[in-house]
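Start from the sequences and build out the full structure, keeping to the hints where you can.
Chains as they are written, first to last, in the working numbering: chain A, 1 to 228; chain B, 1 to 356.
Do not take every clue at face value.
As the list claims (entries may be wrong) - Covered, in the sense of this in silico footprint (three residues per stretch, anywhere, with C-beta under 8 Å from a C-beta of chain A), are these stretches of chain B:
id, region
1, 20-26
2, 170-180
What the hints assert, rightly or not - List time: in silico DSS-like cross-link candidates among lysine-lysine, alpha-carbon distance up to 25 Å:
id, chain 1, residue 1, chain 2, residue 2
3, A, K35, B, K225
4, A, K46, A, K59
5, A, K24, B, K225
6, A, K115, A, K93
7, B, K225, A, K46
8, B, K259, A, K115
9, A, K93, B, K259
10, A, K178, B, K312
11, A, K115, A, K59
12, B, K16, B, K182
13, A, K216, A, K153
As the list claims (entries may be wrong) - In silico contact screen, one side only, chain B against chain A (beta carbon under 10 Å); selected entries:
id, residue
14, H134
15, T137
16, A333
Rather than coming from a laboratory, the hints here were simulated on the basis of the structure. Glycine is no exception: its CB is placed at the ideal position from the N, C-alpha and C atoms.
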Amino acid sequence: MGVSGHVILVGCGRLGGRVAKLLKEMDEDVIIIEKDAEAEFVEEIKTETGFPLLFGDAKDAGVLEEANVREAATIVFASNDFLANFEISLKAKEMNPRIRVVLRMFEQELAESFKKRFNIDSVFSVSALAAPPFAISALTKHVIINTFEIHGKLLIFSRFCVGENSGLLGKTIQELEKLNLSVIMHQGHCKELHLHPKPDLKIESGDLLLIMASSKVIEKIAEINEGR
Amino acid sequence: MKTFRKKIIAQWRDFKAVFLEFKWTMLFFLALNFISALILWGWYDKEELSFSEAFYVSLRMIFFDIDLDYPDSFPLQLLFIFVPLIGVIIVVEGLLRFVNTLFAKASHMELWQEIKANTYSDHVIVCGSTHLGHRVTRLLTELGEEVVIITKDPESAFIDELQEEGIPVFVEDCIQGRGLQKANISKAKSIIVVEKDDLTNIGIVLEAKELNPDVQIVLGLFNEKLAERLTKEIHIYRVFSPSFLAAPAVARTAATAFKCVSIMDSIYFGGITAFIASFTLNKDSKLIGKKLEDLEEMGLNVIVFQRGNKGKMNFHPLLDQEMIEEDFIIGIAQMPVLKKIEYLNCPSQTIIKNSD
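In structure tokens form, the structure reads like this:
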């Protein structure tokens with residue numbers, strides 16, 4: 001294949017499929033390698049991203065050659081066969097020492113030691129990446145969409161549905177943001193969705209808000225929204 | 001230091017469990033002693049006793065160590081006979097249970113796990129000792145929460161490690177409800193369901209809601225479309241797909257197109273994916289001299305601003321500030337906006353691949 005500086009994505013399962021869609025949005029050139037032509041998401045990913053799909057075992061040097069591994073910028077392993085992934089990553093490095101390897105592992109601690117020991121550029125564990133929203137959601141009464149850490153400060157993305165007795169009614173986005181939060185998205189009751197709503201937009205009953213703030217501010221907003 | 005702290009916390013959890021398990025035994029023992037001391041203090045006729053002396057004497061009496069003369073009055077004679085008998089029964093019963101508990105604790109028997117779980121309230125139950133369940137448990141215990149684990153996999157590699165740290169673990173199938181009862185679900189504040197298959201997870205949610213309708217559910221589903229549907233139609237709002245949550249970080253690491261904007265994470269809401277991104281203003285950046293409100297006007301929600309790379313991280317900054325070289329910004333926007341910022345920040349390096 002005549003591409004270079006591209007990303008090779010090994011595995012087109014749930015994680016691989018989602019990664020492919022995001023890479024498409026980021027304008028990356030991607031070649032996907034998938035063992036099973038009948039895999040659940042193959043057709044969907046093919047249609048939605050238009051990325052070329054190679055069916056075969058990436059352990060096979062021929063498949064890697066076909067994906068032009070020698071001129072690729074990055075190889076990402078999204079399948080859950082860790083040992084196979086590790087073996088292929090070594091082969092890819094052998095064929096292209098400049099390639100960046102992004103490897104999936106189950107344990108973050110093990111991942112870190114592999115990263116150091118085998119000169120792998122980036123190692124990730126799905127459970128470590130996904131765990132914070134689960135843990136935070138168990139501790140708060142409101143709906144958490146995601147969490148995000150910036151320089152040691154944990155920011156929470158929380159969804160609020162504005163009720164008839166909410167203390168938020170009639171306030172503008174600008175007034176709300178004075179409470180040290182960001183209103184990331186606003187969806188009016190007529191379903192119109194604004195990413196980054198205008199400061200003078202007034203909040204009405206039935207509106208949905210996606211707010212980003214520290215847990216303390218989120219608690220405060222929850223209280224105001226409940227009319228307390 | 002971390003291991004020492006973990007040990008101390010584990011010891012404290014065990015002490016608390018033992019204390020609560022034997023609270024009635026201790027209460028009966030004290031009550032018996034107190035009542036007996038009160039009677040001796042008020043009615044003992046052979047010599048004058050202060051209350052503290054009466055208390056001390058009745059304490060010795062429980063262990064058949066009586067150095068007072070046998071009383072003349074019949075009620076006091078009954079006291080001299082029955083206090084040691086009742087006392088011995090309480091002490092022996094308590095001791096036997098104590099030994100049994102210690103044995104159960106030493107061998108991590110289920111009895112000990114149940115004793116501990118029964119002392120918890122407002123705790124979090126994690127169904128599934130998977131990698132994700134283990135990671136979530138770690139985070140919760142670091143936040144000081146009391147956690148009970150239920151796993152149907154007796155071979156799970158995490159069971160011993162968690163039990164060593166004093167966290168109760170039950171090898172049960174959550175879907176049958178028995179494990180949830182052992183984990184004291186009636187008093188739990190939340191349950192996190194992260195078993196390995198979606199159908200089991202949904203079944204566990206239904207069972208948990210039946211046993212405690214007020215418990216807060218956090219559900220892990222691999223099928224992100226099913227997760228979305230559950231949120232919309234059954235109004236279970238705390239539903240996450242682990243792959244969905246992890247994918248942005250993986251994509252960010254793999255991406256090569258952005259040179260001057262770094263994608264940090266993404267959020268998905270109402271069918272829209274928005275990206276959290278950071279960038280530092282280059283010396284040839286076309287953003288120099290523009291205000292933060294101009295970035296907002298372009299569609300970037302500025303969440304962090306740092307003046308000149310060394311200033312203080314300013315969350316929710318004032319938007320009328322002019323940007324200078326080396327300013328650091330974190331914001332949220334959709335991909336077309338970030339592409340535009342990438343171009344404006346690094347006009348000489350950016351190759352625009354499509355027109356949006």
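Exercise for review: Of all the hints given earlier, name the ones this structure violates by number, lowest first.
Suggested key: 1 and 2
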